[in-house]
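Peer 1: Can you make the complete structure from the sequences, with help from the hints?
4 protein chains.
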Amino acid sequence: MTNIQIKGVIPPMITPFNENGDVDYQLFAENVEKWNKDNLAGYLVLGSNSETVYLNEEEKLELIKITVETAKKDRLILAGTGMESTKETIKLTNKAAKLGVHAALILTPFYYGGKMNDEALIQYFTDVADNVDIPVLIYNVPKFTHINVSANVVEKLSRHPNIIGMKDSTGDIPQLVKFQSVIPESFNLMVGTASAWYPALTLGVKAGILALANCAPNECAMVQEEFEKGNADKAKEIYARVFPVNQAVTATYGIAGLKYACSLLGYNGGYVRKPLLELKDEEKEKIKQILIKAELM
Amino acid sequence: MTNIQIKGVIPPMITPFNENGDVDYQLFAENVEKWNKDNLAGYLVLGSNSETVYLNEEEKLELIKITVETAKKDRLILAGTGMESTKETIKLTNKAAKLGVHAALILTPFYYGGKMNDEALIQYFTDVADNVDIPVLIYNVPKFTHINVSANVVEKLSRHPNIIGMKDSTGDIPQLVKFQSVIPESFNLMVGTASAWYPALTLGVKAGILALANCAPNECAMVQEEFEKGNADKAKEIYARVFPVNQAVTATYGIAGLKYACSLLGYNGGYVRKPLLELKDEEKEKIKQILIKAELM
Amino acid sequence: MTNIQIKGVIPPMITPFNENGDVDYQLFAENVEKWNKDNLAGYLVLGSNSETVYLNEEEKLELIKITVETAKKDRLILAGTGMESTKETIKLTNKAAKLGVHAALILTPFYYGGKMNDEALIQYFTDVADNVDIPVLIYNVPKFTHINVSANVVEKLSRHPNIIGMKDSTGDIPQLVKFQSVIPESFNLMVGTASAWYPALTLGVKAGILALANCAPNECAMVQEEFEKGNADKAKEIYARVFPVNQAVTATYGIAGLKYACSLLGYNGGYVRKPLLELKDEEKEKIKQILIKAELM
Amino acid sequence: MTNIQIKGVIPPMITPFNENGDVDYQLFAENVEKWNKDNLAGYLVLGSNSETVYLNEEEKLELIKITVETAKKDRLILAGTGMESTKETIKLTNKAAKLGVHAALILTPFYYGGKMNDEALIQYFTDVADNVDIPVLIYNVPKFTHINVSANVVEKLSRHPNIIGMKDSTGDIPQLVKFQSVIPESFNLMVGTASAWYPALTLGVKAGILALANCAPNECAMVQEEFEKGNADKAKEIYARVFPVNQAVTATYGIAGLKYACSLLGYNGGYVRKPLLELKDEEKEKIKQILIKAELM
Numbered sequence: 001m002t003n004i005q006i007k008g009v010i011p012p013m014i015t016p017f018n019e020n021g022d023v024d025y026q027l028f029a030e031n032v033e034k035w036n037k038d039n040l041a042g043y044l045v046l047g048s049n050s051e052t053v054y055l056n057e058e059e060k061l062e063l064i065k066i067t068v069e070t071a072k073k074d075r076l077i078l079a080g081t082g083m084e085s086t087k088e089t090i091k092l093t094n095k096a097a098k099l100g101v102h103a104a105l106i107l108t109p110f111y112y113g114g115k116m117n118d119e120a121l122i123q124y125f126t127d128v129a130d131n132v133d134i135p136v137l138i139y140n141v142p143k144f145t146h147i148n149v150s151a152n153v154v155e156k157l158s159r160h161p162n163i164i165g166m167k168d169s170t171g172d173i174p175q176l177v178k179f180q181s182v183i184p185e186s187f188n189l190m191v192g193t194a195s196a197w198y199p200a201l202t203l204g205v206k207a208g209i210l211a212l213a214n215c216a217p218n219e220c221a222m223v224q225e226e227f228e229k230g231n232a233d234k235a236k237e238i239y240a241r242v243f244p245v246n247q248a249v250t251a252t253y254g255i256a257g258l259k260y261a262c263s264l265l266g267y268n269g270g271y272v273r274k275p276l277l278e279l280k281d282e283e284k285e286k287i288k289q290i291l292i293k294a295e296l297m
Numbered sequence: 001m002t003n004i005q006i007k008g009v010i011p012p013m014i015t016p017f018n019e020n021g022d023v024d025y026q027l028f029a030e031n032v033e034k035w036n037k038d039n040l041a042g043y044l045v046l047g048s049n050s051e052t053v054y055l056n057e058e059e060k061l062e063l064i065k066i067t068v069e070t071a072k073k074d075r076l077i078l079a080g081t082g083m084e085s086t087k088e089t090i091k092l093t094n095k096a097a098k099l100g101v102h103a104a105l106i107l108t109p110f111y112y113g114g115k116m117n118d119e120a121l122i123q124y125f126t127d128v129a130d131n132v133d134i135p136v137l138i139y140n141v142p143k144f145t146h147i148n149v150s151a152n153v154v155e156k157l158s159r160h161p162n163i164i165g166m167k168d169s170t171g172d173i174p175q176l177v178k179f180q181s182v183i184p185e186s187f188n189l190m191v192g193t194a195s196a197w198y199p200a201l202t203l204g205v206k207a208g209i210l211a212l213a214n215c216a217p218n219e220c221a222m223v224q225e226e227f228e229k230g231n232a233d234k235a236k237e238i239y240a241r242v243f244p245v246n247q248a249v250t251a252t253y254g255i256a257g258l259k260y261a262c263s264l265l266g267y268n269g270g271y272v273r274k275p276l277l278e279l280k281d282e283e284k285e286k287i288k289q290i291l292i293k294a295e296l297m
Numbered sequence: 001m002t003n004i005q006i007k008g009v010i011p012p013m014i015t016p017f018n019e020n021g022d023v024d025y026q027l028f029a030e031n032v033e034k035w036n037k038d039n040l041a042g043y044l045v046l047g048s049n050s051e052t053v054y055l056n057e058e059e060k061l062e063l064i065k066i067t068v069e070t071a072k073k074d075r076l077i078l079a080g081t082g083m084e085s086t087k088e089t090i091k092l093t094n095k096a097a098k099l100g101v102h103a104a105l106i107l108t109p110f111y112y113g114g115k116m117n118d119e120a121l122i123q124y125f126t127d128v129a130d131n132v133d134i135p136v137l138i139y140n141v142p143k144f145t146h147i148n149v150s151a152n153v154v155e156k157l158s159r160h161p162n163i164i165g166m167k168d169s170t171g172d173i174p175q176l177v178k179f180q181s182v183i184p185e186s187f188n189l190m191v192g193t194a195s196a197w198y199p200a201l202t203l204g205v206k207a208g209i210l211a212l213a214n215c216a217p218n219e220c221a222m223v224q225e226e227f228e229k230g231n232a233d234k235a236k237e238i239y240a241r242v243f244p245v246n247q248a249v250t251a252t253y254g255i256a257g258l259k260y261a262c263s264l265l266g267y268n269g270g271y272v273r274k275p276l277l278e279l280k281d282e283e284k285e286k287i288k289q290i291l292i293k294a295e296l297m
Numbered sequence: 001m002t003n004i005q006i007k008g009v010i011p012p013m014i015t016p017f018n019e020n021g022d023v024d025y026q027l028f029a030e031n032v033e034k035w036n037k038d039n040l041a042g043y044l045v046l047g048s049n050s051e052t053v054y055l056n057e058e059e060k061l062e063l064i065k066i067t068v069e070t071a072k073k074d075r076l077i078l079a080g081t082g083m084e085s086t087k088e089t090i091k092l093t094n095k096a097a098k099l100g101v102h103a104a105l106i107l108t109p110f111y112y113g114g115k116m117n118d119e120a121l122i123q124y125f126t127d128v129a130d131n132v133d134i135p136v137l138i139y140n141v142p143k144f145t146h147i148n149v150s151a152n153v154v155e156k157l158s159r160h161p162n163i164i165g166m167k168d169s170t171g172d173i174p175q176l177v178k179f180q181s182v183i184p185e186s187f188n189l190m191v192g193t194a195s196a197w198y199p200a201l202t203l204g205v206k207a208g209i210l211a212l213a214n215c216a217p218n219e220c221a222m223v224q225e226e227f228e229k230g231n232a233d234k235a236k237e238i239y240a241r242v243f244p245v246n247q248a249v250t251a252t253y254g255i256a257g258l259k260y261a262c263s264l265l266g267y268n269g270g271y272v273r274k275p276l277l278e279l280k281d282e283e284k285e286k287i288k289q290i291l292i293k294a295e296l297m
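Residue numbers (our numbering), protein chains in the order written: chain X, 1 to 297; chain R, 1 to 297; chain W, 1 to 297; chain D, 1 to 297.
Think of the hints as simulated: they come from the structure by calculation, not from any bench. Hints are supplied without guarantee of correctness; some may be wrong.
Because identical chains share one entry, a pair is satisfied inside a single copy or across any pair of copies.
Below, a list of computed lysine-lysine pairs in the DSS-like style, where the Cα atoms sit at most 27 Å apart [as the list claims (entries may be wrong)]:
1. K284 - K115
2. K288 - K115
3. K280 - K65
4. K91 - K284
5. K206 - K178
6. K234 - K206
7. K280 - K87
8. K143 - K178
9. K73 - K91
10. K293 - K37
11. K284 - K95
12. K286 - K115
13. K143 - K87
14. K143 - K206
15. K37 - K234
16. K37 - K206
17. K7 - K234
Peer 2: The following block contains the structure:
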């Protein structure tokens, strides 16, 4: 499984909660079933948009189980099993592996950010990759972790036989080019935000794990399809059209916004878990208008 | 217990690990016994310096249990039971309460930092304080969380009957003064870094939860004692003398540095847990020199 | 002149100083003559790479004069005439206009950055544009100013009849797309860093003011030429090849690095002005290696 | 003059402009005359609160001249003569010296902030101090420059015979303590913000260059007087009372706020120069309320 080559769009799946804050596994499973009919390459369970930091281990494993059971058979299943400690990351990743996950997306540890220098990150990912039963992908998301993985770290880790790729959620295209210049060709360098999706494709990136793909999977997929068919203008047009939606469901309104957009577009958004706050009515209205303007509803 | 008035020095206790990364409860208990003979007002178990983010629940509860059992009877026992989700924070805090902890130090949730605005933080701490069986203290540590609690939040929360204080680890003295101007007198505003200890005392602060108190508890206590006796110069002199040690065991060398200093000064430092890295030999030597210069060894 | 449509590559020209720190106008003029033979669309005198903040007014005007006199006749001449005050900016811009400059690149005022909100920036650029005799371009360079022009500001100002474009030096491609979504088609949105050059072209950007164009003008131009001919792969290859050079002569070694690269590649680099420091020998050697690897020498 | 020992409060004097944006020298001179009757140790002309970056050289020299002519004879006159280039800083400082300024407060150059490392700053201040006819003080104000002078730089420069002190406007008290640990006793370490005034006094600081001293000079002076008389509580009370005023006239409302407070309290505020914006009516009202609450009106 180590030479997985990832191509296409993967949603970092939202986790619907019910009103009292419990995970609504039923709604989650229904989402996966619906996404099975969309043009997606796989699923990421337990990403940042899954409110993973709010889930306990039991909930995490149950979500993984449902994903594995419900996903269309040819689809890649990734799970975000990074914990702060090396030990716990290895343990959780191996539990995920047993449940049938294909590869693990491992967040950079970040609480002691000042100490997570290149040496520490290289050691961490090496320790994890050496001790887990599935391939590892690096997850770089400074927006949440306030840590940015350096090209030096990417260069070193991309040589590890069990580290097969990276999700870079910075949207920093020049940095992406820098990463490209230091990795072997087989290394799966993916973007982690739809805001960088079209530019990344023009640079040769083949896959994106895109929050926007929760509510607009086919539009995300079409950007890639049209680009690869040689229809750059068409691809760019779709990208530019859904770009403001992506802004709304990430930077501006966050997960509550993404979930509301999902609800409006036929998926199960559900509630967010506290301490996240639900959207106010005027925020909901704004999202609606943005979706309409983007011709998504 | 709600009208706890905290006065004195409290160490955010380190967690010694053994070489293979397991918590060494024996070494931990020995530390508590040793600190029992020092001039301390209480203990914080599961603070940032405890590598709490690297501990699983079982380990956390065991450390709490040992602290409660081992601590000298008149000492205040605080536990850091903040989790990212409101739900998990309440659950863990109530487990800690059952084990005999006197009050909970609750970290600001921070992963979705962009959404942790005043409204969300006020809601979070209110929800927690409403649902836990022991008093709550706010823990503000932007160095790790990249979130800074505003004076507005402090003002609102300091009125909650079950929120009795705050540990502010910023070392930002003007901000401390701002906080003082909005809180009721009974609210326990504590500093969370020895670098601000003497200045905070001159402003009327009565307690400090100080990493440095792990390895130099009595020096920390003497700063306060001398100041309160009217010996400002003596207090200032001790403060200035140990100031560079505090820099070394926090900003410069972090927890590994703090643990090494503990080992040199007669406490059990133990290993750090991965992904934290042990000190290199030259770093150890520098810490030694700093301790010697500060007349601690 | 207001409907200038800018297309192609423009170097933000370096200012060679001699050893005692005086501007070496002769070396400067020689550079312009050499660039006249390169595939460039115009010149920016008094950009950030010109060490403009180190120049007094007399020097600035002399450099403008030489540029106007020396530049090939069909080339666009831009001058960076932004000062901190509205008044001084207007005065200097009109002096530049009298000397024959075609348009002014106006930096955001930034010293009182906390006060340079959208309202202040809109007012500032409007006041300037209303009172100067040549068209205005907005210059956004947070790396130096710690201010980032918002899409809201760009949207408003792009409607001003005398504000004809913008140099965005952030390299932030998603932000560029956001800007594109709010400007009229005639507005000249240019990138200000070669690190974003190819991706920007794929998004429809037509011009770049690129530090790298000081020392590698034709490679910068070829990226665009090949892209527009439909040779995306060729364009991307050149872009990727010179990308590390751009890193070296901007982020890593700064203006001293850029000047040294210019000297190695046949232009007159000259000395930097103090307080900038000259490169150390090992830094010079590294730049040389980077140029060789990029096949520029 | 090199062994100047500075003690007391110094206002970084505002520059009143008239409605069309010209310096109103008359209003400025009247302010100095009024301040002459206040309990001040001296004057800083051309500080950050003087809108210095908006002044041309002629205006600067005229303001210096008026200050020298108008100031009470025993008062220390400082001028902010730092420019971005070493050369221009030396030239302007020597012009100021000729006009009778006692010492120069030299801002860290900052436009190319990434290059202003310890080596560059040490070289810069050394070059300046070596070539000017009056003593030099370092001006550290990261709020505007985004550069923070390190303890290492302070240590080195404090040994230069012609560098006699520093204005640290960070309000960072632990950093102040760090600076104290590396400087000779004769070095004038001053705070540059009233928010740190009382804590700094408790640490042995002897002088403050305080924006607040423009509108509330005597309250600032009383904090020091009472503290030195042994009335710490009284000193602290005044400090705490005017603290919110300082917040308002610096962080919240900036120079426009400071000027409005000056106008309300009997000094000539005048207009700000563009691009700074005047206060809105509701902002003016808020400042008024804050002054009333602080018992300044």
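Peer 1: If the cut is 27 Å between Cα atoms, do K7 and K234 qualify within a copy, between copies, both or neither?
Peer 2: Close inside one copy (20 Å) and across copies (23 Å); limit 27 Å.
Peer 1: What label fits K37 with K206 when the C-alpha limit is 27 Å: within, between, both, or neither?
Peer 2: Result: close within a single copy only, 21 Å intra versus 40 Å inter.
Peer 1: As a check of your reading, is K37 near K234 (CA-CA no more than 27 Å) within one copy, between copies, both or neither?
Peer 2: Within one copy only: 23 Å inside a chain, 38 Å across chains, cut-off 27 Å.
Peer 1: Under a CA distance limit of 27 Å, which applies to K143 and K87: within one copy, between copies, both, or neither?
Peer 2: Cα proximity of K143 and K87: in one copy and across copies (25 Å, 24 Å).
Peer 1: Reference check for the pair K280 and K87, CA-CA at most 27 Å: within, between, both, or neither?
Peer 2: Answer is between: at 22 Å across copies they meet the 27 Å cutoff, but 40 Å inside does not.
Peer 1: Quick one: K73 to K91, C-alpha cut-off 27 Å, is that within a copy, between copies, both, or neither?
Peer 2: within (26 Å within a copy, 38 Å between copies)
Peer 1: As a check of your reading, is K206 near K178 (CA-CA no more than 27 Å) within one copy, between copies, both or neither?
Peer 2: both (16 Å within a copy, 23 Å between copies)
Peer 1: From the Cα coordinates, with 27 Å as the cut-off, is the pair K143 and K206 best called within, between, both, or neither?
Peer 2: within (23 Å within a copy, 31 Å between copies)
Peer 1: When no copy is specified for K280 and K65, does a C-alpha distance of 27 Å or less occur within a copy, between copies, both, or neither?
Peer 2: neither (33 Å within a copy, 43 Å between copies)
Peer 1: Is the C-alpha distance from K288 to K115 at most 27 Å within one copy, between copies, in both cases, or in neither?
Peer 2: between (43 Å within a copy, 20 Å between copies)
Peer 1: Give the relationship of K91 and K284 under a CA distance limit of 27 Å: within one copy only, between copies only, both, or neither.
Peer 2: neither (40 Å within a copy, 32 Å between copies)
Peer 1: For K284 and K95, with the copy left unspecified, which applies at a CA distance of at most 27 Å: within, between, both, or neither?
Peer 2: Result: close neither inside a copy nor across copies, 38 Å intra and 38 Å inter.
Violated hints for the displayed structure, listed by number in ascending order: 3, 4 and 11.
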